[in-house]
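K.L.:
Fit chain B to the given chain A structure using the hints.
From first to last, the protein sequence lines are chains A and B. Per my numbering, residue 183 is the first one in the first sequence, and the count goes up by one each step. Per my numbering, residue 3 is the first one in the second sequence, and the count goes up by one each step.
Heads up, a few of these hints could be off.
[As the list claims (entries may be wrong)] Calculated Cβ distances over 12 Å to all of chain B for the following chain A residues:
| hint | residue |
| --- | --- |
| 1 | 208 |
| 2 | 296 |
| 3 | 345 |
| 4 | 404 |
[Said to hold, decoys possible] In the PhoX-like style, the derived pairs of lysine-lysine whose C-alpha atoms are separated by at most 25 Å in a straight line are:
| hint | chain 1 | residue 1 | chain 2 | residue 2 |
| --- | --- | --- | --- | --- |
| 5 | B | 334 | A | 490 |
| 6 | A | 490 | B | 150 |
| 7 | A | 456 | B | 329 |
| 8 | A | 267 | B | 150 |
| 9 | A | 298 | B | 7 |
| 10 | A | 514 | B | 88 |
| 11 | B | 409 | A | 490 |
| 12 | B | 150 | A | 456 |
| 13 | A | 258 | B | 366 |
| 14 | A | 237 | B | 91 |
| 15 | A | 298 | B | 409 |
| 16 | B | 150 | A | 184 |
| 17 | B | 51 | A | 490 |
| 18 | B | 51 | A | 514 |
| 19 | A | 520 | B | 260 |
| 20 | A | 490 | B | 59 |
| 21 | A | 456 | B | 88 |
| 22 | A | 184 | B | 91 |
| 23 | B | 91 | A | 456 |
| 24 | A | 184 | B | 59 |
| 25 | A | 298 | B | 13 |
| 26 | B | 409 | A | 478 |
| 27 | A | 258 | B | 397 |
| 28 | A | 478 | A | 490 |
| 29 | B | 486 | A | 298 |
| 30 | B | 329 | A | 478 |
| 31 | B | 154 | A | 237 |
| 32 | B | 329 | A | 514 |
| 33 | A | 258 | B | 394 |
| 34 | B | 260 | A | 490 |
| 35 | B | 394 | A | 261 |
| 36 | A | 237 | B | 88 |
Don't read these hints as lab results, they were simulated from the structure. Bear in mind that the values here come from a model prediction, so they are computed numbers and not experimental data. For every residue, glycine included, the Cβ atom is placed at its ideal position computed from N, Cα and C.
In case you want the letters, here they are:
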Amino acid sequence: MKYAFSFLAVIALILIAGLGSQIPGMQYLFGVVLPYLAIMLFVGGFVYRIMDWAKSPVPFSIPTTCGQGVSLDFIKQDKLECPTKTSEVMARMFLEIFFFRSLFRNTKSELHDGPKITYESSKWLWLFSLIFHYSFLLIVLRHMRFFLEPVPFVLSALEGIDSMLQIGQPAMYLTDAFLLLGLMFLYGRRLLNRHVKYISLNNDYFPLVLIFSIALTGILMRYFLRTDIDIINIKNLAYGLVTFSPVIGAKIGAIFYIHLFLVCVLLAYFPFSKLMHMGGVFMSPTRNMANNSRSKRHINPWNDPEIKPHSYAGYEDEFREFMVDAGIPVEKELTAAKDEA
Amino acid sequence: MAVAKLEQLAKSVVQGPSMATGAVPVKDWMDVSAIFKPGNYAYQAKQEKVEYLNSQKGLHFPNAREWSPEDEDWKLPENWKEIILKGLKERLEKFRSLKIFMDCCVRCGACADKCHFFLGTGDPKNMPVLRAELLRSIYRNDFTLGGKLLGKMAGGREMTVAVLKEWFMYSYQCTECRRCSVFCPYGIDTAEITIILRELLHLVGVGINWILEPVSNSNRTGNHMGLQPHTFKDNVDFLADDIENLTGVKINHSFNRKGAEVLFITPSADVFAEPGLYTAMGYLMLFEHIGLDYTWSTYASEGGNFGLFTNNETMKKLNGKMYAEAKRLGVKYIIGGECGHMWRVVHQYMDTMNGPADFLEVPKSPMTGTTFHNAASTKMVHISEFTADLIKHGKLNLDKSRNSHVKATFHDSCNPARAMGLIDEPRYILDHVVDGWVEMPENTIREQTFCCGSGTGLNTDEIMELRMRSGLPRANAVKHVIDKHAVNMLSCVCAIDRATLTSLMNYWNPGCDVCGVSELVGNALVMEGENRQELTEGLRTLV
Chain A
183 MKYAFSFLAV IALILIAGLG SQIPGMQYLF GVVLPYLAIM LFVGGFVYRI
233 MDWAKSPVPF SIPTTCGQGV SLDFIKQDKL ECPTKTSEVM ARMFLEIFFF
283 RSLFRNTKSE LHDGPKITYE SSKWLWLFSL IFHYSFLLIV LRHMRFFLEP
333 VPFVLSALEG IDSMLQIGQP AMYLTDAFLL LGLMFLYGRR LLNRHVKYIS
383 LNNDYFPLVL IFSIALTGIL MRYFLRTDID IINIKNLAYG LVTFSPVIGA
433 KIGAIFYIHL FLVCVLLAYF PFSKLMHMGG VFMSPTRNMA NNSRSKRHIN
483 PWNDPEIKPH SYAGYEDEFR EFMVDAGIPV EKELTAAKDE A
Chain B
3 MAVAKLEQLA KSVVQGPSMA TGAVPVKDWM DVSAIFKPGN YAYQAKQEKV
53 EYLNSQKGLH FPNAREWSPE DEDWKLPENW KEIILKGLKE RLEKFRSLKI
103 FMDCCVRCGA CADKCHFFLG TGDPKNMPVL RAELLRSIYR NDFTLGGKLL
153 GKMAGGREMT VAVLKEWFMY SYQCTECRRC SVFCPYGIDT AEITIILREL
203 LHLVGVGINW ILEPVSNSNR TGNHMGLQPH TFKDNVDFLA DDIENLTGVK
253 INHSFNRKGA EVLFITPSAD VFAEPGLYTA MGYLMLFEHI GLDYTWSTYA
303 SEGGNFGLFT NNETMKKLNG KMYAEAKRLG VKYIIGGECG HMWRVVHQYM
353 DTMNGPADFL EVPKSPMTGT TFHNAASTKM VHISEFTADL IKHGKLNLDK
403 SRNSHVKATF HDSCNPARAM GLIDEPRYIL DHVVDGWVEM PENTIREQTF
453 CCGSGTGLNT DEIMELRMRS GLPRANAVKH VIDKHAVNML SCVCAIDRAT
503 LTSLMNYWNP GCDVCGVSEL VGNALVMEGE NRQELTEGLR TLV
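Extracted from the complex, chain A is given alone in its bound form:
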């Protein structure tokens, strides 16, 4: 029932914003106070989480090596999968962050009679994750036009490319369609893939439904409910927010407040949820460390110098007679050891 619960939660949020924003005087709360609060929570929370991670040291050098390491001259190193230098680590991280390198390796295993296990390449998760994340990124960037005056050329160009198919009026953004598609895939596999279904938590369904609702309200506003909103007032509000002189004009429809409120919830929720993988991916020690722990000493700040091996002297004391009998060299001959004792 976890998947259903996330719908209920988001419906409740929609009702709060839809009804609340229609109460006279509450527009200021939904249009100004909550956005400021959400941004503060997002930035503050994000910074706090990163600092909190950074506070814990990385005691050991633990990169996961996914290819041949640096070795003899005639053994070819796989610099991207088993980096030794900082530049190579950065290249590995670049592939990981921008192209989801590890997810690209994904395989699907199957058990057959025999028994026989097979592994087939399975790139669907990789593909739809890329679609989802890049669409989301472009949509966020497109929204910057609300906060900037004049709108920089790059943003206008981006919009042009995004709507190049010229379907409908106003022209449909490709990223809108792709975002919904990506979300539907990610949600669908949580219901249909038995492994993923069994492990999924509220924490997994909720952000998907939330982002889906944000996208949906955005699409409704742009393509279907245009008469309910006044785009000039929205731009004024947005611009006012970033210049710290917010004004609430008349005629901003409920649909806008719902959209904005859901975004506020996402921002506030972000630092306290798994969505922090956005920051964590940069800091994962198995990926961002060089595989050079034999050529360069890695320092553990809490290494305890008091932990010493069981001493050779203690060892010899216990086994001296046997060692001498077997002709193994000793530090103290038997007679000398006996004299001391």
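P.N.:
Chain B in isolation, oriented as in the chain A frame:
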């Protein structure tokens, strides 16, 4: 514990109702408790072993007692929960990996079917993600805002004895092989999770004997097997005699000799039991052939380090002997034999824990003049690196036809592949010592290699069925090349593999033997002054 017959297990793996075969459990995983019965758990550590370890300086193994996992009451300390939560808090502060791996998982499920334990048992808690959730749910409940406010709604749950038992069950059904970490988009490494879980369990006196007894032995006698100095020497001498009988070449080796150029350390299993013995014979022959000035040590007579499977303090204490002995003997550098987890410790932990080894010199092969820059700080070279270099410079006289009885494939051990990047060196050696060896399917080798199923101290007989299950993905890939290329030898560079893969092959693929790469080198060596008999099975030939 009787192990299921091959036909039964073969059927059960594929058709038994499990997560791996298509069944979905009815109950939420949080509502399923771990039930211990003979055969599904490794025996608890003996009281005297725990007491001994706890008495050693720098180590902490409290709550020694008689107990059994099958008992309802595990005789935990009264404040066990407080100890566990405090232990977790400390470790969150000490390991960034733990914090990040607790926070970043999105449960995408990419790791789910990458685990050999999951593939072989179908138990959903053997999906790496769920193994981590066993700890993550406690972390959320007690250390995150969402969990504190919303509890179970946010995926949290209370720390209870049932949870602790579950930790014990599943942290000992993970071999810390890191295969899942290769596929994770955030590099989440279940080995880190398992390491922490086992550390926490030791805080309340929960551990297994197959790990703590070798650890005690290693601390006291210098090696896991508990071989005392004279016995260790006898075993190596015996191998040297065997070589002389087979090849007519007298082996000159020494023990604890001061002033040798090189200290050689290998897992004690290599001098203790078949088929590791033949690998050790390979080392002895190789060093004799090139006239290396080296010594064995009885004090540092263990390459392996079961401390890695308990906690980082124990790992450090056991590992400390390597540098201590190198310093005492005044050698220039160390060469290490074939072993998986030993090399994880040497490559990723040793210098950090027990360095800097500034009393040693950067390793330089006296035969070829090659400097091993990749070991410039740790000053320890892998035997495969050392051998490959010798071959490249034509320092070995090799005759492949002496391995004509062998049709080999190569198993990458987890740690050299995924925690070191030692992948092509053994392959280079194989190219020069055997004819036409073949690779297993690509999703089962190199960084995607499958564990033998019995690493991290799980190579004990009372869980044999579990081991045969978790080893199935490896065995299955070997079977593929047996059927296709008539492979009869599974070569590897790991002492645990040599023991465990032998059981695994006997079970799933009878007729396929297991060997170390150095054994094949020994077979192929044409030595000066040899008076070699007709060795139809190489060093294994009975004469």
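K.L.:
Could you run down the list of hints and mark each one as holding or not?
P.N.:
Hints and how they fare:
| no. | hint | verdict |
| --- | --- | --- |
| 1 | 208 | holds, 25 Å |
| 2 | 296 | violated, 7 Å |
| 3 | 345 | holds, 31 Å |
| 4 | 404 | holds, 29 Å |
| 5 | B:334 x A:490 | holds, 22 Å |
| 6 | A:490 x B:150 | violated, 41 Å |
| 7 | A:456 x B:329 | violated, 48 Å |
| 8 | A:267 x B:150 | violated, 42 Å |
| 9 | A:298 x B:7 | holds, 17 Å |
| 10 | A:514 x B:88 | violated, 46 Å |
| 11 | B:409 x A:490 | violated, 46 Å |
| 12 | B:150 x A:456 | holds, 16 Å |
| 13 | A:258 x B:366 | holds, 20 Å |
| 14 | A:237 x B:91 | holds, 13 Å |
| 15 | A:298 x B:409 | holds, 22 Å |
| 16 | B:150 x A:184 | holds, 19 Å |
| 17 | B:51 x A:490 | holds, 19 Å |
| 18 | B:51 x A:514 | violated, 30 Å |
| 19 | A:520 x B:260 | holds, 23 Å |
| 20 | A:490 x B:59 | holds, 8 Å |
| 21 | A:456 x B:88 | holds, 24 Å |
| 22 | A:184 x B:91 | violated, 29 Å |
| 23 | B:91 x A:456 | holds, 20 Å |
| 24 | A:184 x B:59 | violated, 50 Å |
| 25 | A:298 x B:13 | holds, 11 Å |
| 26 | B:409 x A:478 | violated, 39 Å |
| 27 | A:258 x B:397 | holds, 21 Å |
| 28 | A:478 x A:490 | holds, 22 Å |
| 29 | B:486 x A:298 | holds, 14 Å |
| 30 | B:329 x A:478 | holds, 20 Å |
| 31 | B:154 x A:237 | violated, 28 Å |
| 32 | B:329 x A:514 | holds, 17 Å |
| 33 | A:258 x B:394 | holds, 14 Å |
| 34 | B:260 x A:490 | holds, 22 Å |
| 35 | B:394 x A:261 | holds, 22 Å |
| 36 | A:237 x B:88 | holds, 18 Å |
Going down the numbered hints, you'll see the structure goes against 2, 6, 7, 8, 10, 11, 18, 22, 24, 26 and 31, while the others check out.
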